[in-house]
Amino acid sequence: MPGHIWYRYGTAAAAAALVFMLRAALDRYLEDRTFTIIYVPVVLFAAFAGGRGPALLATLLCLGISAKSLGWDLVTDPANMIDIACFAILGPMLGFIGDRLLRESKQAGDRQAHLQSILDTVPDAMIVIDDRGVIRSFSATAERLFGWSPDQIVGKNVSSLMPQPYRGEHDRYLERYLTTGERRIIGIGRIVVGERSDGSTFPMELAVGEARARGERFFTGFVRDLTERRAQERRLQDLQSELVHVSRLTAMGEMASSIAHEINQPLSAITNYMRGAKTLMAAETFDTTRVRDALDRAGKQALRAGDIIKRLREFVAKGETQQSPENPVTLLEEAVALALLGAKEQGVRVAISSDRDIPSIVVDKIQIQQVVLNLVRNAIEAMASSARRELTVGVTKADGAAIFTIADTGPGISDAIADRLFQPFVTTKEHGMGVGLSICRTIVKSHGGNIEALPNPGGGTVFQFTIPFAEAGEEA
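Counting in the UniProt record's numbering, the sequence shown runs from 1 upward without gaps.
Think of the hints as simulated: they come from the structure by calculation, not from any bench.
All the given hints hold, so there is nothing to weed out.
Capping the alpha-carbon separation at 30 Å, the derived lysine-lysine pairs in DSSO-like fashion look like this: (1) K445 <-> K397; (2) K300 <-> K278; (3) K365 <-> K300; (4) K397 <-> K365; (5) K445 <-> K365.
The structure displayed is predicted, hence computed values, not measured ones.
All chains should be modelled from the sequences, with the hints used to inform the complete structure.
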């Protein structure tokens, strides 16, 4: 800082010294005239180079030069006094103007540096083109994204950053906009494909703004690489799918004894029917009608056991998330049938009441059935110690969505955890982990719906979740 001050005032003094030598060389021609016009460039230089202080110093030095050169003629001649007085006023004025210009120049430089630092670090690439599609500016992020340096790409057509067929069509799109004003990307934004310097392509989100400066039209494009975002979304989806799959396996583990009992019933029936048929056939004369009936019944029980196993395998199987149009009533009834395995032994009375003219919903069938299964199993467990064990399930339609309802007559949910019921690791079970309802909420939210728990007027809890109906184009 001190060195800078010495430079500012030193250059002002040096300029005054030069004008002193010039004044001395012209002394015989100027005679007794002040001729302060030759001092103005010195003050201007000092003002614009150093500001107000150096300008005042240069003014004083120039006045001193005039006083030394003219002596008493400076004050005795009215013309000289007027000339000196005007210069004495002009000098500070020039200093004030120069000081202000220096401050504004410094502020403009700071703003430019600040703006440049933002452009160099902003995650979106920024590209400025003119109305002919020629690149005028290429940010540091754009350089990293596309692999071109500003020296290589500035001055070229922006279509160089696009693969075919977009490259050949870009100028036509730009010309159509300039002619008709019809917007396809400008002010709207869309996902397009970009091309790097090595020829590789990548998906990108493009937003374009328009501006006018000095009679010219410019378009500024902000580009965001979607490659990493798509990969992150895919990883998140895989993790969510894995978590949902683990939850299904956990539910199956909790239901293992009930499942074994349910499958054991048709297997025992098959055994009994086959033994009966064998006994009938061992007789010297047997009734073929009774044998055929026994075999038919055994076959039906085998199909029943196979159906149970099939439903379990579909529910537990890990697969890709796949949505399809489904009938809400059928979906609910299949899930409830799976969830109620062994419920009869616990004395639970089940009532299913659903509307029959409900439109389709586009969902991942297994995931929505998992929500129903989790809620039904939770309801059965909640009523384990209740004298009245009534479970009411159903699906109705309202406000463009299917409303699934699972109501129990258990002890209800305490106010202490009601607000946190769907948060991870919050549970009402003694040995629960608190992830089941959190997963249910995640699944319902991912399908565009909502889930909530309400008090049952007759005692207990009512869980409701909504799934939007399929749009006309989605039903197929």
